[in-house]
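Visitor: Given only the sequences and the hints, what does the whole structure look like? Please build it.
Below, each chain spelled out in residue letters.
Protein chains: 2
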Amino acid sequence: MNDKFVIGIDLGGTNIKGALLDLDGGIIEKREIPTLANAGPEAVAGRIAGMITELEAAVRDTGKSVAGVGIGVPGQPERSTGEVIFAPNLYWRNVPLVKYLRRYTGLPVFLENDANVAALGEQWRGAGQGSANMVMVTIGTGIGGGIVLDGRLYTGSNGAAGELGHAVIEPAGPQCSCGRRGCLETLTSATAMVRMAREALDRGVKTELSKEENLEARDIIMAAQAGDRLALDIVEKAAYYLGIGLGNIINILNPDTIVIGGGVSRAGELLFEPLCRNARANCLDCAGSIVRIVPAQLGNDAGFVGAAKLVLQDNTKKCII
Amino acid sequence: MNDKFVIGIDLGGTNIKGALLDLDGGIIEKREIPTLANAGPEAVAGRIAGMITELEAAVRDTGKSVAGVGIGVPGQPERSTGEVIFAPNLYWRNVPLVKYLRRYTGLPVFLENDANVAALGEQWRGAGQGSANMVMVTIGTGIGGGIVLDGRLYTGSNGAAGELGHAVIEPAGPQCSCGRRGCLETLTSATAMVRMAREALDRGVKTELSKEENLEARDIIMAAQAGDRLALDIVEKAAYYLGIGLGNIINILNPDTIVIGGGVSRAGELLFEPLCRNARANCLDCAGSIVRIVPAQLGNDAGFVGAAKLVLQDNTKKCII
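Chain order of the listed sequences is S and V.
Residue numbering for the first sequence follows my numbering, beginning at 1089 and increasing consecutively.
Residue numbering for the second sequence follows my numbering, beginning at 1089 and increasing consecutively.
If you're looking for bench data, these hints aren't it; they were derived computationally from the structure.
The reader is advised that the hints may include incorrect statements.
Copies of the same chain look alike in the list, so a pair counts if it fits in one copy or across any two.
Straight-line distance between alpha carbons at most 25 Å, and here's what the computed SDA-like set of lysine to any residue pairs gives [as the list claims (entries may be wrong)]:
(1) K1187 to C1374
(2) K1152 to Y1192
(3) K1325 to P1262
(4) K1092 to Y1192
(5) K1325 to T1279
(6) K1118 to G1100
(7) K1325 to P1259
(8) K1325 to G1261
(9) K1325 to S1377
Guide: What follows is the structure in structure tokens.
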């Protein structure tokens, strides 16, 4: 396989990112184009196929070749048929993406959920390198997760594993978009932090935070870094609940590494100090004493790096013909 | 391997149970003797070795042989050294059990935690037969758990996975023996049910339950089956919290089967109807729609059946020389 390369694609609602990688995960070529989801699934698939062809061209003249393509999608893939069952950001339902891409490119294509490939990417080349059992938690508008066990992506019985954001932590807590109350996502996501800030602003709490419509989690983190009391309290509260959520995951999965990704993870020590403290306080010592909790390293590259790694996994279960 | 057998031992604080099994998990011979833990680790190891020798004798004259011995211990095993690090019911610390048993029997010996082997037993020959991804939750004085993924026991990075009883469900809930508050174990174990009954009795709630010292969870379940309002409320409340705990496990692990073991599981439909309802209400539909939640089938045999199965796992990681 020394003359082989792999291609990873990260299909997002806004952009398609892709790269050609060597078998050690080194990035040879990188591309990014807008998704233009409004043009419909076939057009988007055509754009992805075009990117694959361009990336493949970089090695074609050297006598080397591409072993396959992995693709992460923002939704629910059906690995056995190669269909994207549901991808709300793309307005997709039952799109036979693997069939399209195989027809256009002639390459083996492997489909996976985007949170899962990001986890696999961090485990292969990022903050989880060398980890056997790793959990990635991505904190953004919602909370996503991906699980790598024994060095392989774990996706569960029908691909739904790793829904860490919908663990119920406070049964009487805030309403979640999923219909339940007190999911981790309602207590500790970027959205939750903005909600907490607005509630405090409405109560007239003194703060440097703006009452404007476009208040974002990054504003809260910046204000906390500048010493704003309310913002500090919000970060501490988010870290408290996230610590409970991570503690539960540590008790169940006993991972060696937890990688925290997403914009909120850029808060640095401000978030990680209380987060690590709360996580260890909320699990048994035996498991808590060995787990590293670290920020993600690959940023926006994690998706296509992990997607490329799909090609190199033992494919008895994941391979989609 | 057709002429081979395996031996499984379930070492408990009160009794040692063991059996000789064929490679399909069929029980050929069964033994049970008191542990007599007070006599010390070497004496207990000697009693186990005696049981192994007896069980082995049943095949020795037939030209067949025993491939190995698996043993489940009520505590924390260190698989790499074959020591039992800590087993509070036996008053054991750092007992080199595998070394003892190998010296006495000359057979390969595999060590595991008792909750884990029970899970493996149910997956091999009990309620989880045919399951790829199964979680067993045992509800007794505390709440224990074992996880089987891709048909193999999953024990985590240092053997501490599956501590389902210490998931924090109500951060402001009752004090747990582990030092935290609101662990699943404080809300839904046999102990928790008895505590709820006592609190209600102290408040003077009308019930058939006795105020006597020796009130047990089984009394509450029997009273509930006879229609006692308080007992019914307690079972419903335990099922509510257990449903949240199971919902969280379903969201994380997406198992095809959850097996409920322990005395409380004998409550039947009274427990299982609200339990299944609450579990499915507390996880995402994608994972909730495919999971079966069923009572354990092997009872006290689960431990030695699963212990025997240890011998037949791919032993690259578990083998203890």
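Visitor: Does each hint hold? Answer for all of them.
Guide: The hints, checked one at a time:
no.	hint	result
1	K1187 to C1374	between (47 Å within a copy, 24 Å between copies)
2	K1152 to Y1192	within (20 Å within a copy, 58 Å between copies)
3	K1325 to P1262	both (14 Å within a copy, 21 Å between copies)
4	K1092 to Y1192	within (20 Å within a copy, 53 Å between copies)
5	K1325 to T1279	within (13 Å within a copy, 31 Å between copies)
6	K1118 to G1100	within (15 Å within a copy, 59 Å between copies)
7	K1325 to P1259	both (17 Å within a copy, 13 Å between copies)
8	K1325 to G1261	both (13 Å within a copy, 18 Å between copies)
9	K1325 to S1377	within (23 Å within a copy, 33 Å between copies)
No hint from the list above goes unmet by this structure.
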